[in-house]
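With these hints in hand, go ahead and build the complete structure from the sequences.
Protein sequences, first through last, are from chains E and X.
When we follow this note's numbering, the leftmost residue of the first sequence carries the number 15, and every step to the right adds one.
When we follow this note's numbering, the leftmost residue of the second sequence carries the number 2, and every step to the right adds one.
Fair warning: there could be bad hints in the mix.
Stated by the list, open to error - Per the computed footprint, the stretches of chain X lying under chain E, defined by three or more beta-carbons under 8 Å from a beta-carbon of chain E, are: (1) 67-79; (2) 83-92; (3) 108-118.
To be verified - Chain E regions said to be covered by chain X (calculated; three or more residues, Cβ under 8 Å): (4) 34-40; (5) 55-63; (6) 140-150; (7) 158-170; (8) 230-239.
Keep in mind that the hints were calculated from the coordinates and are not lab data.
Even glycine gets a Cβ: it sits at the ideal position worked out from N, Cα and C.
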Amino acid sequence: MDTLAMHISNGIINGPVAAVFAAFALAVLALCVVRGRQDLDERLAPMAGLVAAFIFAVQMLNFPIFTGAVSGHLLGGALATMLVGPWVGTLCVAVVLIVQALVFGDGGVAMLGLNITNMAVIGTAVAYPLVALLLRLLPRTVSGLAATAVVASVVSVLAAAMGFVVQYWLGGTTDLGSGLVGLAGTMAGVHLLIGVGEGLITATTVVTVAKVRPDLVYALRGRRIVTPDTPQVPAAGGAR
Amino acid sequence: MSGGGGRVAKRSNLFVLGGLLVALLLAGVVSNFASAHPDGLDSSLREGCVFDADDTIVGGSCPAQQAREHELADSPLADYGVRGVDNEYLSTGLSGVVGVLLTFTVGGGLFWLLRRRSDGGVARSAASGDEADPTPGGADVSATADGRR
Chain E
15 MDTLAMHISN GIINGPVAAV FAAFALAVLA LCVVRGRQDL DERLAPMAGL VAAFIFAVQM
75 LNFPIFTGAV SGHLLGGALA TMLVGPWVGT LCVAVVLIVQ ALVFGDGGVA MLGLNITNMA
135 VIGTAVAYPL VALLLRLLPR TVSGLAATAV VASVVSVLAA AMGFVVQYWL GGTTDLGSGL
195 VGLAGTMAGV HLLIGVGEGL ITATTVVTVA KVRPDLVYAL RGRRIVTPDT PQVPAAGGAR
Chain X
2 MSGGGGRVAK RSNLFVLGGL LVALLLAGVV SNFASAHPDG LDSSLREGCV FDADDTIVGG
62 SCPAQQAREH ELADSPLADY GVRGVDNEYL STGLSGVVGV LLTFTVGGGL FWLLRRRSDG
122 GVARSAASGD EADPTPGGAD VSATADGRR
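Okay, here's the thing in structure tokens:
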């Protein structure tokens with residue numbers, strides 16, 4: 015087996031379940047096109063292309079996990095949702111997965127619906143409400159933004175991993191019996207660590223963009239981040 | 002207002018260009034330092050099997066045994082390498098550069114075609130004729146056409 019396979023390979027999940035998820039993924043992507051169009055203006059469109067290209071690049075960068083001979087890489091759902099919003103973000107990750115499957119032989123073509131469901135749909139759908147909530151609760155500072163990125167990344171990667179476990183429960187080609195619980199545990203443990211790595215990458219990237227061009231961060235629309243350079247004018251009473 | 006919009010679009014394109022360079026550097030150079038260990042999913046599916054030095058299953062039982070060949074395993078860019086390029090670093094780096102440019106073109110092109118063209122963008126689009134130019138660079142053209150105040 016090749017060492018660079020990063021997504022679900024052919025043969026892991028049976029055909030009927032893969033087909034059901036392909037139909038599901040297609041329907042969600044169609045919805046994302048309809049809703050995403052409202053966000054896509056001539057400023058967001060090139061930015062979304064960049065986000066897809068950036069996720070492709072960072073997905074090549076497997077980082078080692080300290081538990082041993084295991085690596086992980088960014089999935090990109092949290093990053094995409096923070097930079098370009100949930101609808102366009104889902105499309106960004108899906109474009110990456112489609113290019114990887116059709117050109118780079120990464121992730122079976124027959125498994126594309128499963129991979130899109132886990133990483134593009136679940137990864138983004140879980141991250142977005144968390145990002146919206148945390149940005150409301152946490153202080154409007156760079157650290158607040160970074161913490162939001164880390165938490166959203168960890169939870170979204172764990173959710174994506176559990177998406178796979180559900181798919182395996184529905185249509186895994188090896189009957190694991192009660193071993194499915196073991197698979198869920200292993201997946202959760204490893205992806206908790208991968209999620210932390212993803213969180214660091216996402217936080218670094220989003221904070222960098224927020225410092226250079228805060229107007230290009232979708233999650234910060236209508237908000238202002240207080241940085242040390244921002245002149246702070248304390249309001250009467252001093253509360254934020 | 003439309004002039005300001007054009008200027009903003011132009012600055013955005015500069016940002017996108019810079020970001021693209023970073024992505025090219027990551028995929029073209031840094032990718033060679035990536036960990037070659039199986040990733041979280043792969044390693045979870047290999048649990049229970051015994052592998053030899055060539056990464057072939059020699060015993061035990063695990064979900065990864067069921068893995069079948071990829072439909073496009075013969076693709077010239079399969080497994081993030083360029084067929085015919087023997088230098089491993091060059092092969093990985095080149096495939097990364099092609100992947101970033103391809104993803105940007107496919108994704109950016111798709112998003113550009115899908116973009117909303119209302120709210121004042123109509124006049125600008127019509128004036129600079131960027132309907133006929135469905136590339137992200139089109140915004141640049143429209144920005145210079147009326148971007149100065």
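Results of checking the hints against the structure:
With a cut-off of 8 Å between beta carbons, the region 67-79 of chain X has 11 residues touching chain E; three or more are needed, and the interface restraint holds. With 0 residues carrying a beta carbon less than 8 Å from a beta carbon of chain E, the region 83-92 of chain X misses the three-residue requirement, and the given coverage is violated. Given as covered by chain E, the region 108-118 of chain X passes the check, having 9 residues with a CB less than 8 Å from a CB of that chain where 3 are the minimum. Given as covered by chain X, the region 34-40 of chain E fails the check, having 0 residues with a CB less than 8 Å from a CB of that chain where 3 are the minimum.
For the region 55-63 of chain E, the stated coverage by chain X holds: 9 residues have a C-beta nearer than 8 Å to a C-beta of that chain, and at least 3 were required. A stretch counts as covered by a chain when three or more of its residues have a beta carbon under 8 Å from one of that chain; for the region 140-150 of chain E and chain X the count is 0, and the coverage is violated. A stretch counts as covered by a chain when three or more of its residues have a beta carbon under 8 Å from one of that chain; for the region 158-170 of chain E and chain X the count is 0, and the coverage is violated. Closer than 8 Å: that is the beta-carbon criterion, and the region 230-239 of chain E has 1 residues meeting it against chain X, so the requirement of 3 is violated.
In terms of the numbered hints stated before, the structure departs from hints 2, 4, 6, 7, 8, listed from lowest to highest.
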